[in-house]
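Peer 1: If you read the sequence shown in full-length UniProt numbering, its first letter stands for residue 1, the second for the next number, and so on.
No wet-lab data here; the hints were simulated from the structure.
On a predicted model such as this, the values are computed, not experimentally measured, just so you know.
Here a beta-carbon is modelled for each residue, glycine too, at the ideal position from N, C-alpha and C.
Warning: the hint list may mix true and false statements.
If you anchor each label on the Cβ, the simulated ranges turn out as follows [what the hints assert, rightly or not]:
hint, residue 1, residue 2, range
1, Lys378, Asp294, 41 to 51 Å
2, Trp75, Asp262, 22 to 32 Å
3, Thr429, Arg72, 12 to 22 Å
4, Gly139, Asp294, 28 to 38 Å
5, Asp248, Asp433, 48 to 58 Å
6, Asn403, Glu69, 34 to 44 Å
7, Ile318, Ser342, 45 to 55 Å
8, Pro265, His95, 51 to 61 Å
9, Thr266, Ser342, 12 to 22 Å
10, Pro265, Ser342, 18 to 28 Å
11, Glu223, Ala423, 45 to 55 Å
12, Ser202, Ala109, 26 to 36 Å
13, Arg224, His95, 44 to 54 Å
Pairs of lysine-lysine, DSS-like flavour, derived with a Cα cap of 25 Å [unchecked claim]:
hint, residue 1, residue 2
14, Lys328, Lys451
15, Lys122, Lys70
16, Lys238, Lys316
17, Lys135, Lys70
18, Lys439, Lys364
19, Lys55, Lys102
20, Lys378, Lys332
21, Lys159, Lys122
22, Lys227, Lys316
23, Lys70, Lys125
24, Lys316, Lys392
25, Lys439, Lys451
26, Lys328, Lys122
27, Lys133, Lys55
28, Lys315, Lys238
29, Lys55, Lys328
30, Lys392, Lys332
31, Lys159, Lys102
32, Lys133, Lys192
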Amino acid sequence: MKKTNDKTFGLELQLKYSYVLIVTFILGVQFIWAQNPLIRDQYTADPTARVFNNKVYVYPSHDIMCTEEKGRLGWFCMEDYHVFSSEDLTTWNDHGEILNQKDVPWADAEGYSMWAPDCVEKDGKYYFYFPTKPKDTEGFTIGVAIGDNPEGPFTPQEKPIANVNGIDPNVFIDHDGQAYLYWSGRYIHMAKLNANMTELASEPSIIANLPEEGHLEGPFMFERNGKYYLTYPHVENKTERLEYAIGDSPMGPFQVTGVIMDESPTGCWTNHHSIVDYKDQWYLFYHHNDLSPDFDKNRSIRADSLSFNTDGTIKKVIPTLRGIGINKASEKLQIDRYSAKSTAATLHFNNLQNTFEGWNIALKQNDWVQYNAVDFDKTYASLAMRVNATKKSQLQIVDATNNTILAEIEIPANTGWLEYEAALPQIATAVYDLKLVLKTGEASIDWIRFKD
Numbered sequence: 001m002k003k004t005n006d007k008t009f010g011l012e013l014q015l016k017y018s019y020v021l022i023v024t025f026i027l028g029v030q031f032i033w034a035q036n037p038l039i040r041d042q043y044t045a046d047p048t049a050r051v052f053n054n055k056v057y058v059y060p061s062h063d064i065m066c067t068e069e070k071g072r073l074g075w076f077c078m079e080d081y082h083v084f085s086s087e088d089l090t091t092w093n094d095h096g097e098i099l100n101q102k103d104v105p106w107a108d109a110e111g112y113s114m115w116a117p118d119c120v121e122k123d124g125k126y127y128f129y130f131p132t133k134p135k136d137t138e139g140f141t142i143g144v145a146i147g148d149n150p151e152g153p154f155t156p157q158e159k160p161i162a163n164v165n166g167i168d169p170n171v172f173i174d175h176d177g178q179a180y181l182y183w184s185g186r187y188i189h190m191a192k193l194n195a196n197m198t199e200l201a202s203e204p205s206i207i208a209n210l211p212e213e214g215h216l217e218g219p220f221m222f223e224r225n226g227k228y229y230l231t232y233p234h235v236e237n238k239t240e241r242l243e244y245a246i247g248d249s250p251m252g253p254f255q256v257t258g259v260i261m262d263e264s265p266t267g268c269w270t271n272h273h274s275i276v277d278y279k280d281q282w283y284l285f286y287h288h289n290d291l292s293p294d295f296d297k298n299r300s301i302r303a304d305s306l307s308f309n310t311d312g313t314i315k316k317v318i319p320t321l322r323g324i325g326i327n328k329a330s331e332k333l334q335i336d337r338y339s340a341k342s343t344a345a346t347l348h349f350n351n352l353q354n355t356f357e358g359w360n361i362a363l364k365q366n367d368w369v370q371y372n373a374v375d376f377d378k379t380y381a382s383l384a385m386r387v388n389a390t391k392k393s394q395l396q397i398v399d400a401t402n403n404t405i406l407a408e409i410e411i412p413a414n415t416g417w418l419e420y421e422a423a424l425p426q427i428a429t430a431v432y433d434l435k436l437v438l439k440t441g442e443a444s445i446d447w448i449r450f451k452d
């Protein structure tokens with residue numbers, strides 16, 4: 001593992017990141033990411049998901065690598081924000097930069113501390129809340145930028161919100177139209193917001209009855225069936241896990257109730273989240289360091305389904321690579337973002353020098369990988385794949401629900417990666433949980449796609 005203050009390592013990743021953004025800007029690329037992590041052309045963290053205009057919008061922070069000229073080596077480094085949207089939860093559109101630290105009149109233009117944000121709508125205006133370091137005082141405060149559309153542009157206010165010191169703003173608007181601001185700074189604080197959404201309407205107060213030991217941050221409030229859920233990351237042991245408390249009012253009192261997601265098994269120190277109801281399904285958005293396993297200050301956002309017990313408590317969410325949404329069979333299916341796999345099947349980065357190129361899964365005889373929720377909306381004539389088969393191999397495509405074989409594909413032995421296409425028998429239209437079984441041979445598969 002490389003040290004987090006290794007200047008060369010930081011510069012290499014910064015160049016990689018810059019190259020991807022330049023290509024995106026020039027070509028106007030809209031990336032399609034259907035699995036976890038959701039965004040794989042840049043680092044993203046601290047996702048706040050909101051539903052506006054029948055779409056899910058995600059407002060994350062934007063990790064970059066610090067250098068000697070930018071930020072503090074080996075630490076978090078964020079200078080701007082992007083927003084992403086999706087109607088189907090598989091195709092995510094990057095609307096580009098919506099706010100930069102240099103655009104904020106009161107902010108330190110070289111603070112590189114544009115941490116976890118939020119965005120809400122009220123009376124046709126969109127209010128984007130963000131923390132950063134001010135230019136004239138120590139610590140953090142919280143500002144507001146206002147736009148006419150959920151994707152911006154956003155115009156920052158001349159001054160931050162008075163009497164608020166801290167990070168991780170979250171705004172909740174109750175049924176009566178009253179808005180509340182929650183934020184963290186050693187404890188979790190709250191106050192009512194004025195009708196203009198840019199000023200406090202009450203004195204800040206510390207929310208009682210929450211854990212007092214261990215780091216506590218990142219509040220996110222939502223309401224369901226008359227109950228108010230205050231959710232937050234908390235370090236109970238070594239790293240942050242996601243917890244929640246329930247109350248009968250947005251101002252509490254709250255009773256600590258349970259854990260939404262356990263600590264990261266790989267040691268990513270932070271987690272930060274939001275919870276949203278979209279088309280009668282609840283989702284948890286969170287982050288992990290998938291694309292930067294040796295450096296947990298460069299994170300990537302994820303999403304998984306969330307559900308409740310009959311008494312209103314939250315069922316614990318187990319992180320997945322498959323994530324959310326139904327893929328069309330014609331999309332490029334990254335089967336390394338699997339729903340399940342055999343024990344011996346192994347994941348590998350396609351390019352260790354550029355993790356944004358994703359992963360592949362290596363299969364030997366009788367190994368398998370399962371990828372759920374693929375929509376065969378029509379008949380497809382062939383299967384295309386990016387494959388590296390060191391031996392001649394036979395691949396079975398199986399309907400995992402009924403354990404019936406849909407197709408058998410012969411893959412020739414090849415040297416290096418090959419984009420290979422093979423004819424298919426007719427497969428009935430349906431949504432399938434696909435299981436790919438390597439009956440003979442040895443092959444690594446990057447992606448598959450069904451073609452007309």
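Peer 1: Next step is simple, just say for each hint if it's right about the structure.
Peer 2: Here's how the hints hold up against the structure:
{"no.": "1", "hint": "Lys378 x Asp294: 41 to 51 Å", "in the structure": "43 Å, holds"}
{"no.": "2", "hint": "Trp75 x Asp262: 22 to 32 Å", "in the structure": "25 Å, holds"}
{"no.": "3", "hint": "Thr429 x Arg72: 12 to 22 Å", "in the structure": "54 Å, violated"}
{"no.": "4", "hint": "Gly139 x Asp294: 28 to 38 Å", "in the structure": "30 Å, holds"}
{"no.": "5", "hint": "Asp248 x Asp433: 48 to 58 Å", "in the structure": "41 Å, violated"}
{"no.": "6", "hint": "Asn403 x Glu69: 34 to 44 Å", "in the structure": "57 Å, violated"}
{"no.": "7", "hint": "Ile318 x Ser342: 45 to 55 Å", "in the structure": "19 Å, violated"}
{"no.": "8", "hint": "Pro265 x His95: 51 to 61 Å", "in the structure": "33 Å, violated"}
{"no.": "9", "hint": "Thr266 x Ser342: 12 to 22 Å", "in the structure": "21 Å, holds"}
{"no.": "10", "hint": "Pro265 x Ser342: 18 to 28 Å", "in the structure": "19 Å, holds"}
{"no.": "11", "hint": "Glu223 x Ala423: 45 to 55 Å", "in the structure": "53 Å, holds"}
{"no.": "12", "hint": "Ser202 x Ala109: 26 to 36 Å", "in the structure": "32 Å, holds"}
{"no.": "13", "hint": "Arg224 x His95: 44 to 54 Å", "in the structure": "29 Å, violated"}
{"no.": "14", "hint": "Lys328 x Lys451", "in the structure": "11 Å, holds"}
{"no.": "15", "hint": "Lys122 x Lys70", "in the structure": "36 Å, violated"}
{"no.": "16", "hint": "Lys238 x Lys316", "in the structure": "19 Å, holds"}
{"no.": "17", "hint": "Lys135 x Lys70", "in the structure": "16 Å, holds"}
{"no.": "18", "hint": "Lys439 x Lys364", "in the structure": "8 Å, holds"}
{"no.": "19", "hint": "Lys55 x Lys102", "in the structure": "29 Å, violated"}
{"no.": "20", "hint": "Lys378 x Lys332", "in the structure": "16 Å, holds"}
{"no.": "21", "hint": "Lys159 x Lys122", "in the structure": "20 Å, holds"}
{"no.": "22", "hint": "Lys227 x Lys316", "in the structure": "18 Å, holds"}
{"no.": "23", "hint": "Lys70 x Lys125", "in the structure": "33 Å, violated"}
{"no.": "24", "hint": "Lys316 x Lys392", "in the structure": "43 Å, violated"}
{"no.": "25", "hint": "Lys439 x Lys451", "in the structure": "23 Å, holds"}
{"no.": "26", "hint": "Lys328 x Lys122", "in the structure": "35 Å, violated"}
{"no.": "27", "hint": "Lys133 x Lys55", "in the structure": "32 Å, violated"}
{"no.": "28", "hint": "Lys315 x Lys238", "in the structure": "22 Å, holds"}
{"no.": "29", "hint": "Lys55 x Lys328", "in the structure": "18 Å, holds"}
{"no.": "30", "hint": "Lys392 x Lys332", "in the structure": "23 Å, holds"}
{"no.": "31", "hint": "Lys159 x Lys102", "in the structure": "14 Å, holds"}
{"no.": "32", "hint": "Lys133 x Lys192", "in the structure": "23 Å, holds"}
Against the hints set out earlier in the document, violations occur for numbers 3, 5, 6, 7, 8, 13, 15, 19, 23, 24, 26, 27.
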